[in-house]
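A.B. asks: Here the protein sequences come in this chain order: Z and E.
Once you know that position 171 of the first sequence is 171 in this note's numbering, the rest is easy, because the numbers rise by one and skip nothing.
Once you know that position 100 of the second sequence is 100 in this note's numbering, the rest is easy, because the numbers rise by one and skip nothing.
Rather than coming from a laboratory, the hints here were simulated on the basis of the structure.
Heads up, some of the hints might be wrong.
[To be verified] Only some residues are given here: those of chain Z computed to face chain E with a beta carbon under 10 Å: (1) K51; (2) I78; (3) L86; (4) A93; (5) D105; (6) T135; (7) F137; (8) A153.
Predicted model only: the values in this text are computed from it and were never measured.
Ideal Cβ positions, reconstructed from N, Cα and C, are used throughout, including at glycine.
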Amino acid sequence: MPSPNPIVNIENLCFTYDSREILHDVNLKIEEGMFAAMVGPNGGGKTTLLKLILGLLEPDHGSVKVFGKDPKSARKQIGYVPQSILFDPHFPASALDIVLMGRIDQKPWWRFDRNNRDVATQKLQQVGLADNIDTPFAQLSGGQRQRVLIAQALASEPKLLLLDEPDANLDQENTTTLFNLLRDLNKSVTILQVSHNLSLVSQFVSHVICVNQTVDMCPTSQMQALGTDRQGWIHLVHNECPVTSGKPHHHHHHNEN
Amino acid sequence: MAFLYNLIEFDYLRRTLLAVLLASLASGLVGSYVVVRRQSYMIGAISHSLLGGIGLARYLQTVHGIHWFTPLVGALVAALLAAIAISVLTQRNRFRQDIVLSAVWSLGVAAGLTAIAFTPGYAEDLNSYLFGSILLVAKHDIVIMTMLVAVIVLVILAMHNQFIALCFNEEMLALRGISTARVSFILHLLIAITVVILAQVVGIVLVLVLLVIPTATVATFTNSFLKMMVGGTLVCMAFCITGLLTSYQFDLPTGATIVEIAVATYLVASLAKLVFVKPGQRKT
Chain Z
1 MPSPNPIVNI ENLCFTYDSR EILHDVNLKI EEGMFAAMVG PNGGGKTTLL
51 KLILGLLEPD HGSVKVFGKD PKSARKQIGY VPQSILFDPH FPASALDIVL
101 MGRIDQKPWW RFDRNNRDVA TQKLQQVGLA DNIDTPFAQL SGGQRQRVLI
151 AQALASEPKL LLLDEPDANL DQENTTTLFN LLRDLNKSVT ILQVSHNLSL
201 VSQFVSHVIC VNQTVDMCPT SQMQALGTDR QGWIHLVHNE CPVTSGKPHH
251 HHHHNEN
Chain E
1 MAFLYNLIEF DYLRRTLLAV LLASLASGLV GSYVVVRRQS YMIGAISHSL
51 LGGIGLARYL QTVHGIHWFT PLVGALVAAL LAAIAISVLT QRNRFRQDIV
101 LSAVWSLGVA AGLTAIAFTP GYAEDLNSYL FGSILLVAKH DIVIMTMLVA
151 VIVLVILAMH NQFIALCFNE EMLALRGIST ARVSFILHLL IAITVVILAQ
201 VVGIVLVLVL LVIPTATVAT FTNSFLKMMV GGTLVCMAFC ITGLLTSYQF
251 DLPTGATIVE IAVATYLVAS LAKLVFVKPG QRKT
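Isolated chain Z (complex conformation) (with noise of 0.2 Å):
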């Protein structure tokens, strides 16, 4: 059942970058205890949407709401993993620096006080790395590195998780390890990803939303009313909205500077 008040709700969104169309009439509602995958594309819009979702993108069209209010003044119960490829795996900081950062709206002198150590390590520990807070950043492995970026944004303990592609550059096993944690996780939060990888995340989340210029909402529960096998029902989505048809786009980078 639809609840009246969604975390997210998004109406009639349009938006245009450098006079190309990346989002039309898009109307997607994200209810509380949703763990869902964003699918699509490259250039398809799913950043972009996520940045909308942020308030960092304004739409040219349409409304976003997070939490019943602008996205800008709910951003402080967003958590949000970007890329990891827009960090410098070198940062010269330990895993729990890396984590107090999400709690930098504590206006620290310094060093962070006891009770904010105290959140981050709790944090670190949740993603399973409670052996790893004092390793450097750069002694972390790829998927560790990720977790740490998890952590981070679960630091500002948000209602909300918002992630953008937390699989990339992650082998089988390490994206299994990220996903079973996720949806660990989404026992006390609603999480939104972006995700590459279709077949493995349609095994852990209960939404699969394909953004391609429009966006379509699947409940993966949907696949087994469907009576369809799994490669079956990613297809039939594939056919739905064409995440494999259409011409191929190019990938566009917004507001990353």
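With chain Z held as given, fit chain E onto it using these hints.
C.D. replies: Coordinates of chain E only, in the frame set by chain Z:
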């Protein structure tokens, strides 16, 4: 030994060492952010803009008799103006950063040359501003440098966490409700102040090396930001004092000697890491 004897004997040498200590502190503290944020090009732009302020100061002193407007004050004014211009113009990608930096860089030098044209007898001490004159640092310059370093330390104590988050990921800082424009503006002001302090030691043209190389040398061996700051300060002091002694002994230009020692050490450190640190443990 002659240097040690002279150090006890002469006031100016003690002042020189104090200037080196202050400059090294500024370099180690602020240089760490510059290295992590990869903003060395900005230092080149700010340092060359100093020439405009120094030229103006010499013009006002010589032609209009405004003696309190010393070259150090002029340099400080020019550096802060350059930092403000860079911050405002590059905010939200209004203008491309490399173009703004190039413009500030050349405009500073041009303003300096114009001021020189209007100032009688100025050209002869141009050399010491361009390439440093650590042995000529005056008592009132030391007072100003001390105040500037105190400002740097206080601002870093208050804002280190915001600076480091800015260096790591600007977007995340903005999403936590903190103005990235404000934080990067304050960091740019600190960089400007540091450039002014270091220019007293090695001169405008050679500042870039002394602000970046000490912390970069330490960064090849550590993953800790605090170690970069402390180590950068110590290494910068070592560069300056070795450079001073060597230049004193062999009658070489001091600024140039310091820079040569710094770059040589950085190269040796990087090579040593390639040779001695196993690929698995390698940081870069």
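A.B. asks: Checking against the hints above, which ones are violated?
C.D. replies: none
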